Every structure is written in C-alpha cells, then in structure tokens.
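First to last, the sequence lines map onto chains R and G.
Quick note on the UniProt record's numbering: the first sequence kicks off at 1 and runs consecutively.
Quick note on the UniProt record's numbering: the second sequence kicks off at 1 and runs consecutively.
These are computed hints drawn from the structure, not numbers from a lab.
Note that the coordinates shown come from a computational prediction; the quantities given were computed from them, not determined experimentally.
There may be inaccurate statements among the hints.
Said to hold, decoys possible - Computed beta-carbon distance windows for the label pairs:
| hint | chain 1 | residue 1 | chain 2 | residue 2 | range |
| --- | --- | --- | --- | --- | --- |
| 1 | R | Asn-215 | G | Phe-27 | 50 to 58 Å |
| 2 | G | Glu-262 | R | His-200 | 49 to 57 Å |
| 3 | G | Leu-250 | R | Gly-261 | 46 to 54 Å |
| 4 | R | Gly-261 | G | Glu-262 | 44 to 52 Å |
| 5 | G | Ser-165 | R | Ala-196 | 24 to 32 Å |
| 6 | R | Gly-151 | G | Pro-122 | 24 to 32 Å |
To be verified - Facing chain G, from chain R, some residues (calculated, C-beta under 8 Å):
| hint | residue |
| --- | --- |
| 7 | Val-210 |
| 8 | Leu-213 |
| 9 | Gln-216 |
| 10 | Ile-220 |
| 11 | Gly-221 |
| 12 | Val-224 |
| 13 | Gln-234 |
| 14 | Glu-235 |
| 15 | Asp-237 |
| 16 | Glu-244 |
We put the CB at the ideal spot given by N, CA and C, even for glycine.
Spelled out, the chains give:
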Amino acid sequence: MRSTIGIHAQVDAQTLVEVIPPRAWLAIFVVAVGFILSYIVAVINRRILIRAGVPDTIEGTAFERTARNFGTSTVTIIAKLSGYFILLLSILVALTIAELEYADLFWSGVAVFLPQLFVAVVILLIGVVLADKAELIVAERLRGVKLPEIGLIPAVVKYSVLFVAVLIALGQVGVATLALIILLGAYAFALVVFTALATHDLLASGAAGVYLLLNQPYGIGDEVRVDGQRGIVQEVDLFVTRIETDEEEHIIPNRNVFKNGIVRIRNY
Amino acid sequence: MSSLSAVLSEFASDVDAVFLFSPSRGFYESFEEIENLVVVAPENAVDAPEFVELPLEFDNVRDRIRFGIEGAMGSEIVDEGDTAACIASVFDDDSDSLIRVRVEESMRSGIYDLFTNSRADPSVIRDVFEVAIELGKKGQKGKPVGALFVVGDAGKVMNKSRPLSYNPFEKSHVHVGDPIVNVMLKEFSRLDGAFVISDSGKLVSAYRYLEPGAEGVDIPKGLGTRHMAGGAITRDTNATAIVLSESDGLIRAFKGGKLILEIDPEEY
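If we strip away everything but chain G, and leave its shape as in the complex, we get:
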C-alpha cells in the first residue's frame, strides 16, 4: 500500500495549478491552502476566487478538462508548459479521479472559445445547445431528426441565405431560452433548412437555405450536406453553427469553418 501512496504523491508533485471540477463545499475547503486553485463548475457555489464557468456539464471528462484549462489559459492563471492536476468525477457526483495534464498550446481546442468568445452571448450558445440536446433526445415521434442552428452575426447570415418558405418567426419575438421554445421543439424538427439566431438569442428566421461558398471548409468526410452548409457558413461569417445530425444523432458545433465540439445528446 505504501508504494501506491508513494506513486500517487509522485504523481501529484510539482503541479503548478490544481483544477477542481464541480467540487462540493467541504472538498473545496480542504484545498484552500493550495495556491493556483481553479474551480471549474456550472456556477461558483463555493465562491472561489479563480473560477471558470462550465456552460454544459460535459459528460466527456476530456472535454471538461480542456474547457477548464483553456479558460484558465485565457485568464492567464496557467501558461504553456505548466503542469496541472485535475480532480474530477468520472463515474459519480463525487470527485473520484486525479488527472495530471501538461498545459500545451494544442490544448486550445476552441471549446472555451466557442462559448465565451463567439459573437453571440455565451448564454445564447448554451441555450441553443440545450435546445439541440433536447431535440436530439426526443426526436420526432421517436424517429431521429436533424436540425441546423446558425447563431450570431444574423445580419450577414441572412444576406448569405435565402428563404425556402415563409418565415414563421416573422414579427415574432421568440428568444432561445424562453420556455415556449421547448414547447415548439417538436414543431421545429419538421422545418427544413436552417434556423438563424441573432447575437442576443432572437429567433430571426427558419426555413433558410444557406448559400455560403464551400471552398476551404475542413470538416470530416462522411458528414452530410447539413454539416457542410453549417461548417461553411461559419467560415464566411462570424456565426457559430450547431448541427444535430439525423444519421448518427450527435451534435456538432462549427466555428470558423472548423469542427470544434462533438457531443452525444443521450449523455446529458
């Protein structure tokens, strides 16, 4: 047993920063002496001075850690070459695992950027994700559905697309995150084309046929036209595209023409 604790103390030595993912209050307080302590959680329930807000409870621990470290790099708590110890929960709600990570520039996958440095408000992006997750879980009458949300830079997106039919959101003032949007979800999935959402979260239009130039869009092969259109529009404009795939049920987020994040709605 002593060798195990020796290995563990070796494992935890020389770290420049400690990341706690959604710690309980008591657990957080036992760390209070440590310098460079960063709390990554949906809300700052422990009043930690260094805090990175987690917009979604990423089920994938790797995404969660990437997000936290990217956020900490953004506010210059950690730098390239630092070593960080991440304490997160993998199986249950309790913190059950210690992960040692080297902070490198390649850690910047853009997940943090996607939420905080997009044109649209972070809360709007989160709300669209939630709508997409809900839609991905429910589908329509049990059948999987696809959807394409283009968030932010709505003026430009509107000018790079054309209507497929009358816009059902004409003269309406529905915002993502409104409770009514969840009621409209099922109807949403029937509409063809893209949803255009403004920086502040207003549903500007549905039934939009996107017409971006598809050159130089780097998305994985095998994804369909919906992903291609979503990816391409984010290269031509400053928008973010959130795509729910009909074939594999995954949600993918594109920004700057690149695939940034891939999540499975069933895990949320």
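Looking at chain R on its own, in the form it has when it is part of the complex:
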C-alpha cells in the first residue's frame, strides 16, 4: 500500500517537471537566487554602514528618532531598501526569462524606471537625514547665543538642505524641476549677496588679518600707534588687534590697521 503511494507521488512529481517548461524553472531559480542575494546585500550593506560609523553620526536626528519609534533605524531602512531593490531586479529578470510577453512593454518601462526610483528614494532619505544633522549641528553651535530668534537659522539650514535633496530626487525620476531650480538659484544669489553685504567689513578685516598674521609687521609686546591710539599690542587675531594702554584696551579692526598704517615705536 505504502509503496504504491510512493510510486504515485514520484509519477506526479515527474509529470509536474515535464508539464512546466524549463524556462519557468530557470525563472524560479533566478527569483530564489535573487531572494538570497537580496538578503546578503541587505546584511552586508548594514554592516558597511555600521562600520562606517553612520549610526553615531546621525544619532539624535529627527528622522532617526522617528525610525526608532517604529522599532527600526535609518541604517536598517537603507539596508532593507537595497535588499528589496535586488529582489525586484531579480523578479524582473525572471519575468523576462519566463517570456510573459503580454506584459513585455509594461515591464520594460518599469525596468528603466525602477533603478531611478530607487536612487531617488535613497537620495531623499540621505537628504532628510543630512538636513536633520545639519540642523542639529547648527543648533548646537548657536546654543551659547541666548536669543529667541536664533531658532530660525537651524530651521532655514534644514529646509535648504531638504529642498536641494528633493530637487535632486525629482530630477532623478524625471519630473520637470526648472521652476524649482530657478527658485533655488534666486535663493542662493540672495544669500550670497546679503552675506557679502553684511560681512563686508569682516571680510576686509579678515583679509588684512591674514597679512598681519603671516608677516607679523608688529607682534605681541610691541609698542605701536594705530588710529592715533598708542599702546602695547596684546593680541593680534584674524579680525582685530588689541592694543592696551594703562587704563584702556583698544580693539581695532584690522581693516583700519591696514588703511591708516601703523607706527611702531622703538624705545631703544
């Protein structure tokens, strides 16, 4: 009794192998390999990201925290994404091999679009994390400044980075972004112009300061006269020179030092 069932099963399996064309077997094999490969890629990617110190770098960003809330992490998401990408690719290859012709046109479109979409999603993810990180760093830097309006600057930095990331991602999937690029250009132009206007004096002082620091026409301890102020040089940095008399300390922008010249007083 038992042997007849065994023989029946064997026959069934044989007919099954014969019924399904070899192409389909190949396709199934490709999907299986793709499955394994995607898992391996996900694991390796994850290891590489961790080894590269990514988790420490993005620690505390809003995106990472949100990811943590859902019981995952940015690294896991990116690693899994790369895994899914490989899996999808293998399915596409399998479908091509299996020659399911009715879907050919559709699938060829997807095959081109899919990698672009993947890259766009990765760029967007990186952009979000980078924006969060930039915001954190700027906020950290400005923490010493007790000014309520200062909170605006980190936000501006964050959205600027995010805007650029979205632009690149949209460009990647082929959405028309010309208007957005013009907007970005105008924004960057305004930023440069206003910064140059606002820091004009600082820049001039800085340029003079570079010369003063490199050539040291006068040094700490020299007695000098600048702008009619006579005193002992206490400190020369990039932007200002500090000159001290018995009661007063004059902080003179290096720009003035350069413009008006400096008198060194030799008392020997």
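Once you've looked at the hints, dock chain G against the given chain R.
Chain G only, in chain R's frame:
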C-alpha cells in the same frame, strides 16, 4: 545602627545648599526635589540649573569643594554664614562621602578666581595646566623637569622680560590646546626661561628671562628662582604664572604675587 542614622540626619540637617560633585544622572535625579542644589562637574551632563564648571578634576577633595563653593558664592547661590552639604567621591567614581561645610569668606582661596576671572580665557588656563601636568608626569627621559608658563597680559609680560635666545615661536601660530603642543612637550622642557602665552592661548615666546621687581612677593620659603620669578611677574602684571617645579615635581599657580594652587601631576 539607629544612632548612626540619627547622627547622620543631624549632620545633614539645616543645610542651606547641597553640592553634588560629578553626580551620575540617577543620583542627581534623586535630589531633584531639594532647593539650592548645585552641581559641580567638568560638564553639565545632568542639565542642572545651578552648575559650576570644574576645569580640572582636582584630586584633592578640599580643592574641589573650595572651587565649587567659591563658584557658587560668585553667582550668589550661597552666602557667607550658610551651611553647605557636599556629596563627593573620595575613593571611587561613585559619590561616597558627605561633607558639611560652613561657607566663610576665608573659603575664597582664589582657585575659582584663578580659572574664571583671570585675564586669559578659562580654557587657556586649563590647557596650560594640562600641558604642565603632562610635562610633570613624563619629565624628560624619566628625569624631572621644570617649566614656567606665564599666561595672559602677554604684551606687558613681554615688556617686562628679555629674550635669552632666538624665539622659536616667532611667526608661528601655535596655541596651547593644539594637538601639536603635546608633541612638542618633550622639546619644551629643554628650553630655559619662561614661556609667554597670550590671553587667547597663543604661544608668544619661549626663552624669556623675566625681569619683574621682586619686592613684596609673598611665596613660601624654600622655593627656587623659577617660582620667585613666576610669582613676581604676576604681581607686576595681570598675568597668571603656572610653574612646574623641578625639585619636587609639583605644579603651582600664582596670581597677584600670591601662591593660589598647588597640585601634584602624578595624581591626574
């Protein structure tokens, strides 16, 4: 056992302020209900509202407490006549001891002043201390070395001293705290004379022979010429002198012609 806790509760009663020295987060949180809680630590890791920054982890508990109380007196958290309970660690990293202290004007030993109210930046003074400690520990080829750092008011110090040789720091821009300074340490100890360091930490000169008037300098007897020169220059200028003794290996800090702090580099 009940008598011990009775004594202890007596000991801890009627305190006007509680000082926690480098508390762990959990330990700090158990005190959160208490008014006038002051945290004294190298950095404000527990986000305490009342915080005194400890520039060096003073091994001597008495110095640590003096520093903390002086800092709290400066920001008017405690006043003369108050009683403070200090919880610090004497043996291990955990808080293991309770010390009851009466806040008196004589507590103002100047240690807090030395770091925070000197002409030079507090971080510069701390960095010079660290350099001196490192030098005191290592010595040169195992032999003890001496060194004299004059920090702050560099212009005046330069005018009250003369060069013994060519200044190796001419036209260089080395600051204490730069990693390169630690590399240069061994070479440092070969140079005779004093190091002059500016308010912002720039190494202005080495090989300086200090020429202050030595009148009215009150330093303990038995200290050599290096200490005398260091002590005297701080009376004539607003500088702070940090001296590593060659004979006993201790580091002493002078300000206003007075010995303020004495530490043993081996304990850091």
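Structure-based check of each hint:
1. Asn-215(R) - Phe-27(G): 50 to 58 Å: holds (55 Å)
2. Glu-262(G) - His-200(R): 49 to 57 Å: Holds, since Glu-262(G) and His-200(R) (Cβ atoms, about 51 Å apart) stay within the stated range.
3. Leu-250(G) - Gly-261(R): 46 to 54 Å: holds (49 Å)
4. Gly-261(R) - Glu-262(G): 44 to 52 Å: holds (48 Å)
5. Ser-165(G) - Ala-196(R): 24 to 32 Å: Given a distance of about 46 Å, which is not inside 24 to 32 Å, the answer is violated.
6. Gly-151(R) - Pro-122(G): 24 to 32 Å: holds (28 Å)
7. Val-210: With a closest approach of 11 Å, the Val-210(R) hint is violated.
8. Leu-213: With Cβ-Cβ at 6 Å, under 8 Å, it holds.
9. Gln-216: holds (5 Å)
10. Ile-220: This hint holds: Ile-220(R) lies near chain G, its Cβ roughly 5 Å from the closest one there, short of 8 Å.
11. Gly-221: At 3 Å from the nearest chain G Cβ, Gly-221(R) passes the 8 Å test, so the hint holds.
12. Val-224: With a closest approach of 10 Å, the Val-224(R) hint is violated.
13. Gln-234: For Gln-234(R), the interface hint holds, since the closest Cβ of chain G sits about 4 Å away, which is under 8 Å.
14. Glu-235: holds (5 Å)
15. Asp-237: holds (7 Å)
16. Glu-244: Holds - the Cβ of Glu-244(R) comes within 8 Å of chain G, reaching about 6 Å at its closest.
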